[in-house]
Amino acid sequence: MHREARIWQDALPEACFSSPTTLKTSVSVRPSTNGALLRCQSFCIEYKANLGGRIGYGLLGSTFTTMASDILTVTVPVKSDVWASFSTPIYRIDNVFVGLPAYFANAVLTGSMDYFADHEPITGGNLSFVAAAFSDVGSSPDIFRRLGLASCHYFMLQVNQSRIQDDVDFDELFSLITGDV
Amino acid sequence: MYQNKHGRFTAPDPLLASASAANPQTFNRYVYVINNPIILVDPDGLQVSFVPSGGTPLVPNGRWYKPIFPDGVQTYRFEASQPDGYEPVTQRNRNGDLIGEYVGGLVGGIPYYVLRFNEMGPMTPLPLLDARTGQRSMARLTDSELNGFDVIPGPEFKHTGAVQNAIEPFDVALLGNPFRFIGSRALSGTQRTSTTLLDSTVSTRSVVVTPKGLDIVKNHLARFGDDAGNSGMVRRLEDAIKSSGGRVTGADRNFYVHELKESTLFRRNLFTSDEAHKIALRWDNANPFSLYHRDVIRANPRIFNPNFMQYWDRQIQR
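Protein chains in written order, with the working numbering: chain A, 70 to 250; chain B, -10 to 307.
Don't read these hints as lab results, they were simulated from the structure.
Among the hints, erroneous ones may be present.
What the hints assert, rightly or not - Selected chain B positions facing chain A (Cβ under 10 Å, derived; list incomplete):
no., residue
1, W272
2, F278
3, R291
4, P295
For glycine and all other residues, C-beta sits at the position ideal for the given N, C-alpha and C.
Only chain A is shown next, with the shape it has when bound in the complex (with noise of 0.2 Å):
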């Protein structure tokens, strides 16, 4: 097995930290669907790969909120400073840390951008990171990139009143963190 994702839904692992830096940025939402309601408030996505000469790695935890606006707002800590550890990673490599250093906050704030570039947002709310994890030698921009988006589409599809279905499709989002689409 040379990739492997665990994935929260409804609980959030003992990843969870606040900052008082914060990357932010808002979308506007369509006014027909706004103020659809959640089934889900709460989602984190753990990811390992093996890449041959090193092995990528990312957590990445969020809660979503939805509000009676035109706005979803994202919001992304950043947290650098303090470097608690993750002591349940299904990476076991080297350590794995509680934060999110800049450069993996802005590539989840990337993720999320691109995908509501690509995804008009079908309710407001308040979109916000709230557990990661990362390793020092494992964890990469693009990692946290993929799984901001996957992060964003798994909160989309809860609340996409058009497409009926009782289960979020888990190979769909694994193919989106993985790159595989």
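Given the coordinates of chain A, assemble chain B onto it according to the supplied hints.
Chain B in isolation, oriented as in the chain A frame:
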């Protein structure tokens, strides 16, 4: 005295203590190494010893020694006295915890061995390996099954159990000199890795890349899918074959050697993807930041975090 004509010793083995109820063959005092010369030796004529892969016999009252200054392959030796340039394998981590061991035992009468180690995390038992077939088993040894049945690693420390290459099932009762391997590279605590990793110096070793070796590397990398970092490194190795007869150093050398080693570990089908990567790194004593060339990292800033470039910047500053 051994009688060729009869294929037997003419006098009984004098060391009665070498008999074991667990192996009735040991009560036959007139045969050499209980009729199993493939995996057993008897250098002093008193007691059989297990032959780890590679042919190093287990000597009575011996212990394992490791090179004080390992260069490339770390060759561990089992000797009765300490060889020059070697030191006993007795390291534990800073907390005094055991950090790696080879163990074996009988499960349902079938001999198994298992390597478990703790280089960078909790001690993780691998699935048991059937000594006869090399097949994995999901069974786990219990403490009582493990008791006294430690298995000897081969003379070349590559995380291979000696039993792996045995033709017949080994009899754990023959391992009269219980041995427990203890690794030497424990990382404990939650100290940030970059502090130490970024400060280490890249090796000056070189290697010659061959077309055949590069094909192995390419085939190995193909299983992981497209990756710009790997593609960049492979192109560099191809160029090295054309321009300099294949001799490479630094990142080119480290990447090539790492992928070859990882490929070998994959073929043995003994390790998970993570384990193979980690073992290959450790085997070559390679810094994980040193496997990709600076130019490849610079060309692909999205797939490498800034620590990679920082590592190479520090190399240049030296």
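Among all the numbered hints in the text so far, which are the ones the structure does not match?
1
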